[in-house]
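From first to last, the protein sequence lines stand for chains L and Y. Each residue of the first sequence is one higher than the one before, counting from 1 in the working numbering. Each residue of the second sequence is one higher than the one before, counting from 1 in the working numbering.
Don't take each hint at face value.
Label pairs and their computed distance ranges (CB to CB) [claimed, not checked]:
no.: 1; chain 1: Y; residue 1: P21; chain 2: L; residue 2: R39; range: 39 to 45 Å
no.: 2; chain 1: Y; residue 1: E371; chain 2: L; residue 2: W106; range: 23 to 29 Å
no.: 3; chain 1: Y; residue 1: K279; chain 2: L; residue 2: G214; range: 32 to 38 Å
no.: 4; chain 1: Y; residue 1: D316; chain 2: L; residue 2: R39; range: 36 to 42 Å
no.: 5; chain 1: L; residue 1: G214; chain 2: Y; residue 2: P273; range: 25 to 31 Å
no.: 6; chain 1: Y; residue 1: A305; chain 2: L; residue 2: P150; range: 30 to 36 Å
no.: 7; chain 1: L; residue 1: P125; chain 2: Y; residue 2: T229; range: 56 to 62 Å
no.: 8; chain 1: L; residue 1: N200; chain 2: Y; residue 2: K279; range: 16 to 22 Å
no.: 9; chain 1: L; residue 1: G214; chain 2: Y; residue 2: V16; range: 42 to 48 Å
no.: 10; chain 1: Y; residue 1: D316; chain 2: L; residue 2: G214; range: 54 to 60 Å
No more than 25 Å apart at the CA atoms, straight line, and that leaves these computed lysine-lysine pairs for BS3-like [said to hold, decoys possible]:
no.: 11; chain 1: L; residue 1: K202; chain 2: Y; residue 2: K275
no.: 12; chain 1: Y; residue 1: K2; chain 2: Y; residue 2: K33
no.: 13; chain 1: Y; residue 1: K439; chain 2: Y; residue 2: K106
no.: 14; chain 1: L; residue 1: K67; chain 2: Y; residue 2: K275
no.: 15; chain 1: Y; residue 1: K275; chain 2: L; residue 2: K197
no.: 16; chain 1: L; residue 1: K202; chain 2: L; residue 2: K67
no.: 17; chain 1: Y; residue 1: K33; chain 2: Y; residue 2: K439
no.: 18; chain 1: Y; residue 1: K275; chain 2: L; residue 2: K103
no.: 19; chain 1: L; residue 1: K103; chain 2: Y; residue 2: K279
no.: 20; chain 1: Y; residue 1: K113; chain 2: Y; residue 2: K89
no.: 21; chain 1: Y; residue 1: K94; chain 2: Y; residue 2: K52
no.: 22; chain 1: Y; residue 1: K2; chain 2: L; residue 2: K197
no.: 23; chain 1: Y; residue 1: K106; chain 2: Y; residue 2: K124
no.: 24; chain 1: Y; residue 1: K203; chain 2: Y; residue 2: K275
no.: 25; chain 1: Y; residue 1: K2; chain 2: Y; residue 2: K24
no.: 26; chain 1: Y; residue 1: K357; chain 2: Y; residue 2: K106
no.: 27; chain 1: L; residue 1: K202; chain 2: Y; residue 2: K2
no.: 28; chain 1: Y; residue 1: K2; chain 2: Y; residue 2: K29
no.: 29; chain 1: L; residue 1: K250; chain 2: L; residue 2: K197
no.: 30; chain 1: L; residue 1: K103; chain 2: Y; residue 2: K113
From chain Y, some residues computed to sit far from chain L (all C-beta separations above 12 Å) [claimed, not checked]:
no.: 31; residue: S42
no.: 32; residue: R103
no.: 33; residue: G121
no.: 34; residue: L144
no.: 35; residue: I158
no.: 36; residue: L180
no.: 37; residue: L233
no.: 38; residue: Y235
no.: 39; residue: F257
no.: 40; residue: L265
To be clear, the hints were calculated from the coordinates, so they are not data collected in a lab. For each residue, glycine too, the CB sits at the ideal point set by N, CA and C.
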Amino acid sequence: MDLGLRDKNVLITGATAGIGRRIANLFADEGANVAICSRTPESVTRAVKEISLMADGRIVGKACNIKNKEEYEAWIEEMAEELGGVDIFIPNVSAGGGNDSEKNWWRNFEYDILGTVRGVEAVLPHMEARGGGAITMLSSTAAVETFAEPQPYNAMKAALINYAKNLSQTHGPKNIRVNSVAPGPIFFDGGAWDMIKTSNPKFFEITERTHALGRLGTPEEVANCIVFLSSPAASWVSGVNLVVDGGYTKRVQL
Amino acid sequence: MKVRRQQTIQRTDKPVPGGTPVVKAPNPKLGNKLIPADRYTSEAYMRLEWEKMWSKVWLLGCREEDIPEVGDHFVTEIGRESILLVRQKDGSVKAFYNVCLHRGNKLVHSQEKPVEATVAGTFKCRYHDWEYGQDGRFVDIPDLETFPQGAPKCGGLIERPCDVWGSFVWFSLNPDVEPLQDYLGVIPEHLDPYHFERMVLTKTLTVEWDCNWKASVDAFNESYHVQGTHPQLLYYLDDLDIQIDCYDKHNRYLIAFGVLSPRVLAPGEIPPPIKVVMKGAGMDPADYEGSVHDIRHDVQKHKRANGPAQGKDYSDLNDDQLTDDYHYMIFPNITMNVHADDMMMFRQRPHPDDPNKMYFDYYFYELPDHEFDPETYRRPVHKNYKNGEISLGLVINQDAYNLPFVQAGMNSSAFEGLWIGDQELRIRHFHDTIEAYIKGKANKPQKRTATKAKSPAKKRS
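Kindly produce the complete structure, drawing on both the sequences and the hints.
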């Protein structure tokens, strides 16, 4: 199956490590032009160089703290200009979990919610100009089931599913599809579950066994779903939240 | 994935005048021989330790504040001996064998807890009312006329050297022991800047562990076991770039806290144990925008700036001491995790007659902040437990879990001795010091040879 991604222009926020990086790798591998960012210029330069090795298309990037509205919007405009438009947008940056103070609510609101909303607002005109596009948001199984503790991460990730669904209705007529992906626990070196595996191996093993497939997911497995949903191959899919969790959650999704 | 990042701990270049010395001491050349396992298991070696070491050194008894007023006293035990520590009229403290000279009854039936002076201010044996003063001298022997030989010629309780340092009361069973300050060597210079006298005891208990007392000391004197025993601490401290310093009898190591181990990759979020460090300093991890690698220095800066407002005086401590663990061993049996805000101290005592058992005394002292109210503070009541009866917190529980298995293994005929590496230099230094006592100036080395010869024989059987 050809995903139809050759020459498509993709913007991904925070794509120098973790799941975001695997998403960028896969888009590049599929022949898309990819723009990335992260907070530090060195990591952007390194990631652009590394991703370029596997790319047919153009790989560009620039440091950007998406928390700053103007800096973020400028990054989108600059990347759109470099690539010559925007077809696909993946707002991937998250403030992560944590419940240390009220400040966590602000952080998750700024990074997870506004980091998505401001990006969407900025890319929509570019997509309209090209006659359509696809936005795929990063939610979490922590949005659809209780997880860990009452914390802003869970609540904000749930809000994104709602936001994506509403966007899909409003912008469907302009041929813009909007979906979300809700990954379960994902293991990669240097990730949160790497830390848990080291510091609390018992809990890690219990979590592995909780998965119907008996292990944690890989970032590549999440990237596969995001890239598919964002590609023309998924042209008839809009407004869904795709749970990608190897059978970690137990609810029946109707 | 096996990780070993390149990481060098940046240690302070701003020593505090009169503060804890930070310069690395040259490593003693102690070779790389096996440390014979039977030092941990043999009754003969245990007796040797008692005769040549325990009865010769200075030992920690209680806290000065345990016995503030004249006649206040505290009973502590070491081996088969019970020692009575009594506050004197001149403010000094005296140490006596806690035994009535009449028929050998223990004079004060108490253990490890502060006792206020009696109404009469004397100590009366419960058996026949022999009575002693606070200075240990006889006050009354009922029906003295029925003892044709008179009163014991010593005139009262048998006294031993006693002195104070660092808010603690120390005693020795050796009447000819060197002065405490000479014995402690560099320790007061190193630890006085922490002002232990300002700290309050918030936890005290004793657990009987099924291991030799040295196995416990060893468990706290090296960081090599962090990866195996305390993997969660890899997200809390650097277990590889450690400064080890050996000084005469005592030793220390300096471990950076609030950092990642080189054995793990930096996660995308602040590890929970490091958040605890930040919160302890009054910082909000959710408000922290810097790199995880900068947290240790930022916590130091924050504490330096905000300590006084919290009622904490860090002025005699260097920046590293505001985050790091300065871990000291005061020979032979005190190991202390010394921090700016608290001090976790372990006293390891041998069992009276079983080399496979010991008493683990746990004390936690905290530096009060401005919210501390001395009026409502109550000293915690000391309790005794067997292993497994009480949690000592995750980290010490993990050590406590290991030790009975370590002891059992050391009793195996297949185990000749401890295979010690550079990261465990303090263990070698500790044994070297014990051996120096055992060989002693006046002592004959043949017992040592006998111990050595026993090992291969045991192996063949």
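Confirm or reject: L180 of chain Y is not an interface residue toward chain L, with every Cβ-Cβ distance exceeding 12 Å. It holds; L180 of chain Y is separated from chain L by about 42 Å at its closest Cβ, greater than 12 Å.
K103 of chain L paired with K279 of chain Y [C-alpha distance capped at 25 Å]: holds (14 Å)
L233 of chain Y: least C-beta distance to chain L exceeds 12 Å? violated (8 Å)
Straight-line Cα separation of K203 of chain Y and K275 of chain Y no greater than 25 Å? Status holds; Cα separation ~24 Å.
Far enough from chain L: is every CB of that chain over 12 Å from the CB of I158 of chain Y? Holds: least Cβ distance 52 Å, greater than 12 Å.
So if I understand the rule, the pair passes when the alpha-carbon distance is 25 Å or less; does K2 of chain Y with K24 of chain Y pass? Outside the cut-off at roughly 30 Å; violated.
Would you mind confirming whether the straight-line C-alpha gap from K439 of chain Y to K106 of chain Y stays at or under 25 Å? violated (33 Å)
K2 of chain Y and K197 of chain L were given as a pair; does the straight-line alpha-carbon distance stay at or below 25 Å? OK: K2 of chain Y and K197 of chain L at ~13 Å, within 25 Å.
Does the beta carbon distance between P125 of chain L and T229 of chain Y stay inside 56 to 62 Å, or does it fall outside? holds (58 Å)
Between K113 of chain Y and K89 of chain Y, is the straight-line Cα distance small enough, at 25 Å or below? holds (21 Å)
No chain L beta carbon within 12 Å of S42 of chain Y's: It holds; S42 of chain Y is separated from chain L by about 37 Å at its closest Cβ, greater than 12 Å.
Between the alpha carbons of K94 of chain Y and K52 of chain Y, is the straight-line distance 25 Å or under? holds (23 Å)
The structure fails to meet hints 9, 12, 13, 16, 25, 28, 30, 37, 38, 40 from the earlier list, while all remaining hints are met.
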